[in-house]
Amino acid sequence: MSQSAPIARLVSDWFAANARDLPWREPGTTAWGVLVSEVMSQQTPVRRVEPVWREWMERWPTPADLAAEPTGEAIRAWGRLGYPRRALRLHAAAVAVAGDHDNVVPDTIAALEALPGIGTYTARAVAAFAHRQRHPVVDTNVRRVVARAVAGNPDAGMATTAADLRATETLLPDDAEAAAVASAALMELGALICTARAPVCARCPLADDCAWHAKGEALPEGPSRKPQKYTGTDRHVRGLIMAVLREADDPVARVALDTVWHEPDRRERALTGLVADGLVVEGAGGFRLP
DNA sequence: AAGGCGTGGTA
DNA sequence: TTACCAAGCCT
Numbered sequence: 001m002s003q004s005a006p007i008a009r010l011v012s013d014w015f016a017a018n019a020r021d022l023p024w025r026e027p028g029t030t031a032w033g034v035l036v037s038e039v040m041s042q043q044t045p046v047r048r049v050e051p052v053w054r055e056w057m058e059r060w061p062t063p064a065d066l067a068a069e070p071t072g073e074a075i076r077a078w079g080r081l082g083y084p085r086r087a088l089r090l091h092a093a094a095v096a097v098a099g100d101h102d103n104v105v106p107d108t109i110a111a112l113e114a115l116p117g118i119g120t121y122t123a124r125a126v127a128a129f130a131h132r133q134r135h136p137v138v139d140t141n142v143r144r145v146v147a148r149a150v151a152g153n154p155d156a157g158m159a160t161t162a163a164d165l166r167a168t169e170t171l172l173p174d175d176a177e178a179a180a181v182a183s184a185a186l187m188e189l190g191a192l193i194c195t196a197r198a199p200v201c202a203r204c205p206l207a208d209d210c211a212w213h214a215k216g217e218a219l220p221e222g223p224s225r226k227p228q229k230y231t232g233t234d235r236h237v238r239g240l241i242m243a244v245l246r247e248a249d250d251p252v253a254r255v256a257l258d259t260v261w262h263e264p265d266r267r268e269r270a271l272t273g274l275v276a277d278g279l280v281v282e283g284a285g286g287f288r289l290p
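In UniProt numbering, the protein residues as written are 1 to 290.
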């Protein structure tokens, strides 16, 4: 492997021939559309995002359209994507863009990161993919690809660090447009080829330039991130409650929620948490979406 | 700064 | 079946 391997070019060429045709990659997608796709894709497989994203874009083509709705509509339209607080924050972001930015999605990292639910990754993704700026866009896929190809490690660390951003920035072409393409390509490579558990090095454009491949492709020993319990946790019960309220046209009485889980303490804790988070409100006839 | 936060698919 | 994983963010 060569020290100055043109990683960006190799991956970008591969991307040109192998990219999935995701709807938000189509020409003419607005910055708002890109932002929504990025938030929906946080911790959620892209396959499940597609239909929901299409519905949202048709229904709320600009931030102001969403901002004009009750937050509960965003939560309901979120469906089963998971982590519904993202819907809440996306609605809040829409309110902020409509109110503070003249309904135009900001194009600076600082302004983007100031929006609810927009962090290090999503801010740079929007700046790069929507505004075609040159920024390192580092998600779990990119971290894994860089960890393997450059550092020769089987996996990256648990969270994105400043060092990850610097390492990735180094790989990007100088040209902003080319850098944006390279970032999308690195993500796609991690999603389709350089996967966590079953990488397909035989079809990888970086195989000849990959430090990890050269060392024999030893798979990571433990989990890449902290294993999460789910069954019987508060999160589980919160999800059960939200599923009921999403389907309900009218407020739901407390007794009607008793059937979702057998332990009263956990039920109560879940419900209280949801109300505290603003995902549920208690009104006259019972509990409902805000 | 470690842990909380949904949901469904795959091996 | 259980365990891990999937375009993170917030506190």
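Keep in mind the hints are simulated off the structure, nothing from the lab. A couple of the hints might just be wrong.
[Stated by the list, open to error] Simulated DEER-style distance windows between Cβ atoms:
| id | residue 1 | residue 2 | range |
| --- | --- | --- | --- |
| 1 | Thr195 | Ala284 | 44 to 52 Å |
| 2 | Asp102 | Asp174 | 39 to 47 Å |
| 3 | Leu219 | Pro45 | 47 to 55 Å |
| 4 | Arg25 | Glu113 | 32 to 40 Å |
| 5 | Leu240 | Arg9 | 31 to 39 Å |
| 6 | Gly79 | Gly283 | 19 to 27 Å |
| 7 | Arg85 | Lys215 | 15 to 23 Å |
For glycine and all other residues, C-beta sits at the position ideal for the given N, C-alpha and C.
Here's how the hints hold up against the structure:
Checked against the hint of 44 to 52 Å, the C-beta distance between threonine 195 and alanine 284 comes to roughly 50 Å, which is consistent with it. Taken as a hint, the range 39 to 47 Å is violated for the pair aspartate 102 and aspartate 174, whose Cβ atoms sit roughly 32 Å apart. The hint said 47 to 55 Å for the Cβ distance between leucine 219 and proline 45, and at roughly 21 Å that hint is violated. Hint check: arginine 25 to glutamate 113, Cβ distance near 23 Å, so the stated range 32 to 40 Å is violated.
Evaluation of the 31 to 39 Å hint for leucine 240 and arginine 9 yields a failure: the beta carbon distance comes to about 49 Å. At about 23 Å, the beta-carbon gap between glycine 79 and glycine 283 stays in the expected band of 19 to 27 Å. Checked against the given bound of 15 to 23 Å, the beta carbons of arginine 85 and lysine 215, roughly 41 Å apart, lie outside it.
Checked against the numbered hints given earlier, the structure breaks hints 2, 3, 4, 5, 7 and satisfies all the rest.
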